[in-house]
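Make the complex out of the two chains shown on their own, each in a separate frame, by following the hints.
Note that the protein sequences, when read in sequence, are chains A and B.
Each step along the first sequence adds one to the number in the working numbering, with nothing skipped, and position 302 is 302.
Each step along the second sequence adds one to the number in the working numbering, with nothing skipped, and position 166 is 166.
Hints should not be assumed to be uniformly reliable.
Incomplete in silico selection of chain A near chain B, CB under 8 Å [unchecked claim]: (1) Ile-52; (2) Ile-175; (3) Val-179; (4) Ile-209; (5) Ala-210; (6) Val-214; (7) Ala-218; (8) Phe-232.
Calculated from the structure, these hints are not laboratory results.
A virtual CB, placed ideally from N, CA and C, is assigned to each residue, including glycine.
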Amino acid sequence: MSEAATHHDDHHGHHPSGIKRWLTTTNHKDIGTLYLIFALVMFFIGGAMAMIIRLELFQPGLQFVEPQFFNSMTTMHALVMIFGAVMPAWTGFANWMIPMMIGAPDMALPRLNNWSFWILPFAFTLLLSTLFMPGGSPAGGWTMYPPLVLQTGDAFPFLIFAVHFMGASSIAGAINVIVTVFNMRAPGMTLMKLPLFVWTWIITAFLLIASIPVLAGAVTMLLTDKFFGTAFFSAAGGGDPVMFQHIFWFFGHPEVYILILPAFGIISAIVPTFARKPLFGYSSMVYASAAIAFLSFIVWAHHMFTVGMPLAGELFFMYTTVLIAVPTGVKVFNWVATMWQSSMTFEVPMLFSLAFIVLFTIGGFSGLMLGVTPVDFQYHDTYFVVAHFHYVLVTGAVFSLMAATYFWLPKWTGHMYDETLGKWHFWLSTISVNVLFFPQHFLGLAGMPRRIPDYAVQFTDFNTMSSIGGFVFGISQILFVIVIVKCVKGGAKASDQVWEGAHGLEWTLPSPPPYHSFSVPPEPSTIEGGMR
Amino acid sequence: MNAPELRAANRRTVTKLLIATCVMFGFGYALVPLYNVFCEITGLNGKTGRLSAEAADVLTVDESRLVTVEFVTNVSADMPWAFRPVVAKMQVHPGAENLAYFEASNEAQWAITGNAVPSVSPSKASRYFNKTECFCFTQQALDAGETRTMPVRFVVDPKLPQDVDVLTLGYTFFESLNTSATADDDEPRS
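Looking at chain B on its own, in the form it has when it is part of the complex (with noise of 0.2 Å):
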């Protein structure tokens, strides 16, 4: 090869390593989404899945099984709330909608706006759990000393594996990362 072929070379070769170099730098950036749909579709991280009132009603009820769904709260470091359900746990048909209430206080001088993460366990029937409203699916602002009692509607999918007759659902309260934003314009989570 002589002098300029060699160049022309070589310069088509670091082409094509740099543009792999860039397309590696995307590929970490494309694990965040890649990740989110895997824990979905597996169940992983126990995020629950989400439903309509309406496709709620249509779910017939399996009357001849009793299932307990267990309530579990936590309040993330620092942050000056107390946090705990209404009810520790209930019975419930899967099938069937029922409503569970928690309760949050602001214990602070000043108002505070807190996002619940929910989880599932076990994390095999975390894909069977389905909420129809949830406060975690809106941002809570409470004012200094503020309490409020919030509802969460669920069912429990008839086609949750028969090995599960317990299921915990643990809320924990993040401080929202902007405290400023309204609980309208935030994205729902599930």
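Okay, chain A solo, but in the shape it has when bound (with noise of 0.2 Å):
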């Protein structure tokens, strides 16, 4: 898509090429993709991870690594699927589409933009490098429990660091598209027309904003408490270590909304699309989302029912958590809406869009499970929570950002993608998916914990069972870099407007859109209301 966007830029003269080009950029399509290539290299890096966690659960007994190393891969296939595959994701597609969508020429500070995005590799060179370190990577879960993740050899101010430049870079690409949204929309672009992934992540971007500083502060004292005296977790110095669960979680909840909600806005835009209808409830869809926003702040001990809290706490938080599933609820029916008596196709964003809707779903019923206070005493820290998370994080998440790119890789690179390879790629994925993670919900439910590389026999089947459906998913996502890259090298042309039942301003931009769209505003004429 690079290469297409340039031929665009012939009466800008004088601009870098090769990779200061990519180093000095301020142009939002070209650092959207550049967080786009991040998040997926990362995908794979944190995917790797994640196929070592399966070898070694294959079958138990140890097998090929050691469990100081096994708990190092459950950290760090955490840290970096979250921090530096689905959050720069995301960036990357507000980068390529929010300008596009509402009408802008760039983002609104293209400057903190590309250093944004340049303090991605910094930081996860400082996570990674740990790797090679003596006492190994962060091995105590990525949530960081003190006091265990203070026992961290010399990793440990690595994962610090980190962090910090993890969170800045998000806060930095959260301000931008707030500012962008604000002050640069199209005249005639009110704030109810703006299309749904707009909306969703300039909720998405308030919740980074409002949560990634508590992150920072409680990473902060983690690093004082091990280096400088303090004690603000240490039970010997007058401090607790639950503290940091509820601080950590105070940013951990919003977090995962921070995950999902940019998704919500995805799948807004492609049922319509293939649905051929507009969305239903367009006006519910946004108060959904901000009702969404505004829980995930007063639900956080829902992931500490076990830590010892009074009983009014617990049933706070269990009423809270249960309550998520009202406007969740009011998403996932208005989406079934449209697509009721609508004449439906089935492209691969479709696809991926129909599984996210039914699959994250069940990840969604799941965690009602663990919302009961009481039911939660015997899931808490076992393979049901890892099978939940799963199925909202990646049959959620991570299938909306695929259906994403099925949707709009032609709008970038002017070509259709291959069809029949990105159908092998969704059934392969959907399938191979549910055989991994499925029976980890029977895992859980007969009591084998999480985060250890051994278990006991009679949890073999279902190990292997989800051994093998993780090797097929991971091998399926190759077909997935095959599909861009064919995309980004050739094939046939795309139109303007790309799908038949497509709407709004990206789609009257010609496909590959020129390096600098919308230099000049559309006509309000062509802004359409909400999702239509």
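Here it is as structure tokens:
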């Protein structure tokens, strides 16, 4: 897509080429591309770690790796996937799509935009370099609970500073999105006409600004506890390790909505396109997203029901948690109502979106089960939790990222992707991901704990099944890269609208869009309300 | 919006968002005192109350009720101390002042300063457990091989919920983070 984009830049004479172009670029499309490529690379690095985990768990006993290294893998897999793959991928989509969706020429703060991307390679160099350090990578879990995390060896300060850098990057990205949408919308693009992807991203950006600084504070406290003699989390000095869990999850729960809210926007763009009907209940979608964001700040302790809380606290967090099902249900029903009596076709973006709706809802249901305090005491820290968050993050966030990639790839490159290969990718992924994660529900209910390299023999069959699913899912993702590379290199010419039912400003631009689009704001008459 | 106007608007929005970011960073730290206040109000974490000896004298003793107070002791990992209650449990009347002794010995070849952290369970009862004197209020410095018997004076509040008839007072000794500090200049803990 990069070559395609540069051809349209002839009238801008001298801009650096080669590596310097990418280092110094302030163009939202270039930076979007960088983010997306970075996220894809991280997806494979984190995926490789998951393969090691599933390989070790293929059968009971210790076969391939040391327990310490296994724990490093679970910790690093989570950090890489959350902060390296999903979050940068969303920022990449925001960069590419938001200016084109709201009729703006670029992001509001292009230089900051360049910085917020280029911090990331440094952050992940710090984090991944710990794999080669004496004492190994962080192995105390991505949640970094003290006192365990304080036993991390040389890797500890690298972990903390990597988290600081990732946080700075995403706060900068969030500020950029908010400023762009608030100040740079084309005339006539009122807030309630914004595409839902823009809406959900705005809400995500506010969640980022409200929650990431709290994480920064928490990891700074860990750092000073370890090196500067403070005792925030050390009982010996009057601190309390449980307090870390409260502070961490005050960040951590909004974080899971940071990962999933943009996905809701994606699905709300794709389903109406392939159903050829306007989105059902546009404004209720906006309000539901805002309600989810608000609730995300008052449910954090459901991650720690077993830590010891007054009964009133357990009840409060249980009720607020279960309450989130209401706005989420509104969204699912709206998508279903959009499809009701529509003329649907099933291209790859739509297939991934449909899989998202079904499988994310399964993840939501297991979330409801976990939200009920008395049963959470059984499920806590078992594979049931692992199954739950992989249903919402893999078949939720990652599937919607794939849907979005297939949806806009023709717009970005000007070529249609290979539909047959895309369908292979979809079906292999969808089947294998269920083989991978569904048995983990049963393992968890039977009592298999998370984050262990070995297990009792009665768990063997489901683990073997899960591992086979994992390997097939991992290999299937190579197809994804093949489809993308093929599409960038060539393919059938894509029209400007690309999809018959596509509506929105980005589809009024040529495919691929010129390097500088909407230098002149679009005519207000071309702006359609909501999703139509 | 023309270019200078847009630039000014962008600057305003960025300033507001940066302030919000800094406020939330501060909020992360503000959670530390907030958490302690919250624990004290709710009795969460078994944080016990503290009472002056004068205030303890004016409490009326409830002779009709007997509550069992059990003592549990722990020493944090790698700390070469032995630590035990002199009596394992006692029966007390709510409102009456009681005295219990604990014995700590430093089994190491060098001096060690320790902090004892108290905890009462069940946590809903911890607010009603008040100490007027405790070795946990200060740090305890023990020379190599030294053994010390340490008193705790406590009062169980007569308002203790009726369904609680057994209280467990636990102490854990941690090696002091700043062993150089003397016992006097330390902030008392409750």
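Hint by hint, work out which the structure violates, then give me just those numbers in ascending order.
-> Result: hint 1 breaks, nothing else.
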